[in-house]
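From first to last, the protein sequence lines are chains A and B. Position 228 of the first sequence, counted from 1, bears residue number 230 in our numbering, the numbering being contiguous throughout. Position 124 of the second sequence, counted from 1, bears residue number 126 in our numbering, the numbering being contiguous throughout.
Calculated from the structure, these hints are not laboratory results. Accuracy of the hints is not assured; some may be wrong.
Note that the list lumps identical chains together, so a pair holds whenever it fits in one copy or between two copies.
To be verified - Simulated crosslink set (DSSO-like; lysine-lysine; CA at most 27 Å straight-line): (1) Lys262 - Lys220; (2) Lys25 - Lys108; (3) Lys97 - Lys220; (4) Lys237 - Lys104; (5) Lys104 - Lys122; (6) Lys333 - Lys220; (7) Lys97 - Lys108; (8) Lys334 - Lys237; (9) Lys237 - Lys97; (10) Lys122 - Lys25; (11) Lys269 - Lys108; (12) Lys122 - Lys237; (13) Lys220 - Lys104; (14) Lys25 - Lys6; (15) Lys333 - Lys237; (16) Lys220 - Lys108; (17) Lys333 - Lys5; (18) Lys25 - Lys5.
Protein chains: 2
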Amino acid sequence: MKKKICLAPGPSELYFTVEGHVKAAFREGVPSLSHRSRLFEGYYRAVVDGLRALLNVPSDYTIAFTSSATEIWERSIQSLAAETSHHYINGAFSKRYFEIAKLSGKRATHTTVQDGSGFKTTLALPEETELIALTHNETSTGVAMPLAALHDVRAKNPTALIIVDAVSSLPYPNFDYRQVDSVFFSVQKGFGLPAGLGVWMFNSRCVEKSLMLQEHGKFIGTYHALPALWSYAEKNQTPSTPNVLAIYLLGKVIEDMLQKGIHAIRKETEYKAAVLYQALEKSGALKPFVADPEWRSSTVLVADAGERQADISTFLLERGFEPGEGYGAYKKSHLRFANFPTHSKEQYECLADAIGAWAESHRR
Amino acid sequence: MKKKICLAPGPSELYFTVEGHVKAAFREGVPSLSHRSRLFEGYYRAVVDGLRALLNVPSDYTIAFTSSATEIWERSIQSLAAETSHHYINGAFSKRYFEIAKLSGKRATHTTVQDGSGFKTTLALPEETELIALTHNETSTGVAMPLAALHDVRAKNPTALIIVDAVSSLPYPNFDYRQVDSVFFSVQKGFGLPAGLGVWMFNSRCVEKSLMLQEHGKFIGTYHALPALWSYAEKNQTPSTPNVLAIYLLGKVIEDMLQKGIHAIRKETEYKAAVLYQALEKSGALKPFVADPEWRSSTVLVADAGERQADISTFLLERGFEPGEGYGAYKKSHLRFANFPTHSKEQYECLADAIGAWAESHRR
């Protein structure tokens with residue numbers, strides 16, 4: 003049987019070079035390598051230098067590793083907000099970030115809009131707001147914040163730290179990192195790696211804030227508190243034994259992406275998204291769940307298939323495509339399509355053709 | 003150049019079957035697998051059933067996954083102690099567990115003895131002690147608690163929860179799990195896997211305690227609080243995306259160990275330890291750092307080489323053996339030898355011979 007192309011939005015299809023890098027890693031003894039060795043420091047630095055080059059991350063930013071993006075939700079709240087955080091919620095994952103703030107004992111507030119909708123982020127929040135949590139790409143519903151909306155938050159909220167969850171969009175978005183304070187992601191989405199590593203990028207305002215909370219005797223976490231991650235990162239090290247293999251692999255995939263060029267990756271992502279959204283709209287029966295084209299994600303495309311979800315899903319599976327189910331309440335009515343760098347233009351063209359063929363067979 | 007045998011006490015030499023299992027994992031699409039799938043639940047269950055069979059873990063115990071044993075230090079303190087914990091400290095790692103309790107805001111107390119020594123654990127602690135932290139095998143110095151000492155703690159402290167750090171000793175020790183409440187380890191030591199997964203085993207007393215703290219509005223953590231790990235584990239699931247590949251690999255390695263038999267693994271471990279300790283004692287120049295044979299580890303053997311450390315280390319390296327350096331202050335005077343299931347009897351016999359040859363050449 004031909005291997006199916008995994009289009010679930012993560013864990014998703016591996017970046018096409020990963021298997022080769024795993025073989026090399028075993029040859030080089032990476033899985034037995036001490037995280038206190040010079041070689042490991044080199045692998046750490048490769049990720050840092052690579053991300054700076056690929057995403058244009060300023061030198062003012064530290065790049066640290068956690069076990070997942072979920073962990074970064076928790077650590078960012080613990081280390082950066084003594085009392086208050088505000089969350090823009092439009093789906094299950096932005097809501098989970100808010101819930102973790104509540105569980106952490108913060109006075110967390112939120113602006114919630116209907117699933118699939120955008121929001122005005124340019125309103126000024128109360129001045130006491132210490133941290134503003136933005137989900138750039140809501141994986142559950144396929145809404146992505148336009149960059150202009152995201153970059154506008156700072157102007158109205160000059161003092162709050164702005165933290166961006168970019169789990170299922172990077173490396174695609176071209177953020178202006180100076181308009182925010184922290185951006186994070188996990189590797190099993192756009193970077194096409196096995197799950198088990200989160201990457202947390204934060205600027206010096208974050209470091210200062212967490213050090214200040216620490217000085218004031220606030221609880222900011224333990225071995226993975228931001229100041230610990232930061233001080234080890236200065237030496238290209240981690241506070242405890244990390245997923246060494248994943249860090250090595252991430253460095254290699256970033257190198258491959260630099261070879262291809264971020265411009266080409268972004269153009270291809272947009273081309274593939276356009277091809278698929280067009281196929282959805284032409285199909286008659288499937289429609290993009292996000293009504294406003296401005297707020298539609300280019301990396302996680304969600305189609306509302308209503309009662310025909312199982313039918314179209316089977317049709318696509320028979321043709322070698324494995325879309326993701328809907329999330330939560332939409333499990334049986336939505337289809338989610340990951341559009342990550344590993345998914346090729348040819349695959350997306352064939353996918354669009356398959357959707358067209360399905361629609362055609364239903365019109366007859 | 004011949005590949006060297008890694009004898010550092012973790013990340014250490016991979017279990018000899020791991021590379022084959024990684025290949026199979028890629029063939030089967032494990033790295034792209036959703037952690038909400040039936041297949042993943044099967045991999046989770048394979049670890050649980052396998053550990054119960056291999057280590058004789060009672061059915062009353064839950065088995066959950068974290069990113070590392072360091073994380074379990076933090077989570078166990080957060081979820082199981084509202085105010086107080088007591089720590090038996092005889093090296094860097096048992097001390098770090100204590101420090102994490104302090105950072106977590108607990109009134110943590112400790113019994114500290116000199117590095118390399120054992121302690122009387124059978125004294126009764128103040129009744130208010132909620133949690134007693136025991137490090138079965140102190141990786142920094144090569145001290146292991148005799149099982150009788152470990153099992154005796156409960157008799158004098160019937161109410162406190164007894165948590166055992168068995169990071170660098172399992173699967174070797176034959177614990178009586180009914181005499182303690184929780185045992186944990188990470189996979190890059192005795193199980194011979196790449197780093198990036200912690201395994202936390204805890205009984206129903208732990209679940210009840212954490213639920214009670216939660217009901218009383220205490221902070222017990224967020225997505226990885228014990229009740230969250232427990233309720234997902236009931237479904238063979240995890241609260242957030244875990245290191246799926248590592249869970250799959252752990253299940254496979256446990257299967258291999260079951261094939262070999264835990265009795266054979268334990269006998270071999272003891273044989274190899276005896277061979278090496280004898281070689282150290284006969285060498286004249288190297289001596290076991292732990293003076294009392296009763297308290298010497300069978301899985302992490304530490305030799306005090308004094309000023310000759312670099313010399314013997316080079317000698318062994320030239321013969322294909324890569325021992326670990328000493329830990330912390332002992333970096334340049336100790337050698338540490340991991341004696342894990344993947345290290346064969348033949349390797350240990352050759353290692354002992356090499357130490358003998360080095361000693362001989364120095365006597366001339």
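Hint check:
1. Lys262 - Lys220: neither (45 Å within a copy, 51 Å between copies)
2. Lys25 - Lys108: The answer is neither: 45 Å in one copy and 45 Å across copies each exceed 27 Å.
3. Lys97 - Lys220: Both. Shortest intra-copy (25 Å) and inter-copy (22 Å) distances satisfy the 27 Å Cα cut-off.
4. Lys237 - Lys104: between (34 Å within a copy, 25 Å between copies)
5. Lys104 - Lys122: Within one copy only: 23 Å inside a chain, 43 Å across chains, cut-off 27 Å.
6. Lys333 - Lys220: Answer is neither; intra-copy 41 Å and inter-copy 35 Å both fail.
7. Lys97 - Lys108: The answer is within: 15 Å in one copy meets 27 Å, while 30 Å across copies does not.
8. Lys334 - Lys237: between (48 Å within a copy, 21 Å between copies)
9. Lys237 - Lys97: between (35 Å within a copy, 23 Å between copies)
10. Lys122 - Lys25: neither (48 Å within a copy, 48 Å between copies)
11. Lys269 - Lys108: neither (41 Å within a copy, 53 Å between copies)
12. Lys122 - Lys237: Neither: 40 Å inside a chain and 39 Å across chains, both beyond 27 Å.
13. Lys220 - Lys104: So Lys220 and Lys104 pass the 27 Å test inside a copy (17 Å) and across (13 Å) alike.
14. Lys25 - Lys6: both (22 Å within a copy, 18 Å between copies)
15. Lys333 - Lys237: between (45 Å within a copy, 19 Å between copies)
16. Lys220 - Lys108: Both: 12 Å inside a chain and 13 Å across chains, each within 27 Å.
17. Lys333 - Lys5: within (24 Å within a copy, 50 Å between copies)
18. Lys25 - Lys5: both (20 Å within a copy, 16 Å between copies)
This entry does not satisfy hints 1, 2, 6, 10, 11 and 12, going by the numbered hints stated previously.
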